[in-house]
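Asks: Chains as they are written, first to last, in the numbering used here: chain G, 2 to 117; chain B, 858 to 971.
Where hints are given, some of them may not hold.
Said to hold, decoys possible - Simulated DEER-style distance windows between Cβ atoms:
hint : chain 1 : residue 1 : chain 2 : residue 2 : range
1    : B       : M884      : G       : P19       : 33 to 39 Å
2    : G       : P117      : B       : Q874      : 43 to 49 Å
3    : G       : S31       : B       : F952      : 41 to 47 Å
4    : B       : T877      : G       : G17       : 44 to 50 Å
5    : G       : L21       : B       : S908      : 36 to 42 Å
6    : G       : S4        : B       : T864      : 48 to 54 Å
7    : B       : M876      : G       : K70       : 43 to 49 Å
8    : B       : R953      : G       : Y30       : 17 to 23 Å
9    : G       : A55       : B       : Q879      : 39 to 45 Å
No lab work stands behind these hints: they were computed from the structure.
Quantities reported herein were computed from a predicted structural model and do not represent experimental measurements.
Using N, Cα and C, we set each Cβ at its ideal position, and we do this for glycine too.
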Amino acid sequence: AQSVTQLDSHVSVSEGTPVLLRCNYSSSYSPSLFWYVQHPNKGLQLLLKYTSAATLVKGINGFEAEFKKSETSFHLTKPSAHMSDAAEYFCVVILDRESSARQLTFGSGTQLTVLP
Amino acid sequence: NAGVTQTPKFQVLKTGQSMTLQCAQDMNHNSMYWYRQDPGMGLRLIYYSASEGTTDKGEVPNGYNVSRLNKREFSLRLESAAPSQTSVYFCASSFRDRSNQPQHFGDGTRLSIL
Numbered sequence: 002a003q004s005v006t007q008l009d010s011h012v013s014v015s016e017g018t019p020v021l022l023r024c025n026y027s028s029s030y031s032p033s034l035f036w037y038v039q040h041p042n043k044g045l046q047l048l049l050k051y052t053s054a055a056t057l058v059k060g061i062n063g064f065e066a067e068f069k070k071s072e073t074s075f076h077l078t079k080p081s082a083h084m085s086d087a088a089e090y091f092c093v094v095i096l097d098r099e100s101s102a103r104q105l106t107f108g109s110g111t112q113l114t115v116l117p
Numbered sequence: 858n859a860g861v862t863q864t865p866k867f868q869v870l871k872t873g874q875s876m877t878l879q880c881a882q883d884m885n886h887n888s889m890y891w892y893r894q895d896p897g898m899g900l901r902l903i904y905y906s907a908s909e910g911t912t913d914k915g916e917v918p919n920g921y922n923v924s925r926l927n928k929r930e931f932s933l934r935l936e937s938a939a940p941s942q943t944s945v946y947f948c949a950s951s952f953r954d955r956s957n958q959p960q961h962f963g964d965g966t967r968l969s970i971l
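Please model the entire structure based on the sequences and the hints provided.
Replies: See the structure below:
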């Protein structure tokens, strides 16, 4: 079985300060992990993915995430927030990277607010 | 622009009415998916089509049917709408039905059942 927990439903940061969005997963195998972003009234867009190569994964728009197996975490970070980063972020896990996408498990989402 | 197109964007129905949500992709993807998004619950898979000519149930298929009309189009039908089906519906596609393939999402259909 697999599950994913996004530890914060809402995060607020000031523009120019660092962003940290937390995600913990539960999986018996070596999982694949993703972060997606959803802007208002839009569909989800892939930010980055981890599929067993480097543990530090760089994505679009300056975001990155680090896979830590010992902590079963895949936290999303960005050094300096921009107003355009305000959106909802979803952590997604699947236990077997060769599995069908029907076995993807989506987190409940973290709403990021960026204050001027 | 290439991508996934969903129609309509908004719809209000009365309980018991039927309707079909349309989805088309122009990226030559083989696999297509229908999700629903409810507050605090992330996305849940309703149905998917791993390839043209095949469809399978996802996590929450009750009350829905799908048709993979051709490689480009994948529709979702509510035969008798219920208030519990009020949600935002997303269609997605990917080149192959494998978890390491990124999914491309449409902008969603916001559906209210009164």
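Asks: Does each hint fit the structure? Answer for all of them.
Replies: Taking the hints in turn, this is what the structure says about them:
1. M884(B) to P19(G): 33 to 39 Å: 35 Å, holds
2. P117(G) to Q874(B): 43 to 49 Å: 44 Å, holds
3. S31(G) to F952(B): 41 to 47 Å: 22 Å, violated
4. T877(B) to G17(G): 44 to 50 Å: 47 Å, holds
5. L21(G) to S908(B): 36 to 42 Å: Between L21(G) and S908(B), where Cβ atoms are some 40 Å apart, the hint holds.
6. S4(G) to T864(B): 48 to 54 Å: 34 Å, violated
7. M876(B) to K70(G): 43 to 49 Å: 46 Å, holds
8. R953(B) to Y30(G): 17 to 23 Å: 20 Å, holds
9. A55(G) to Q879(B): 39 to 45 Å: 40 Å, holds
Checked against the numbered hints listed earlier, the structure breaks hints 3 and 6; every other hint is satisfied.
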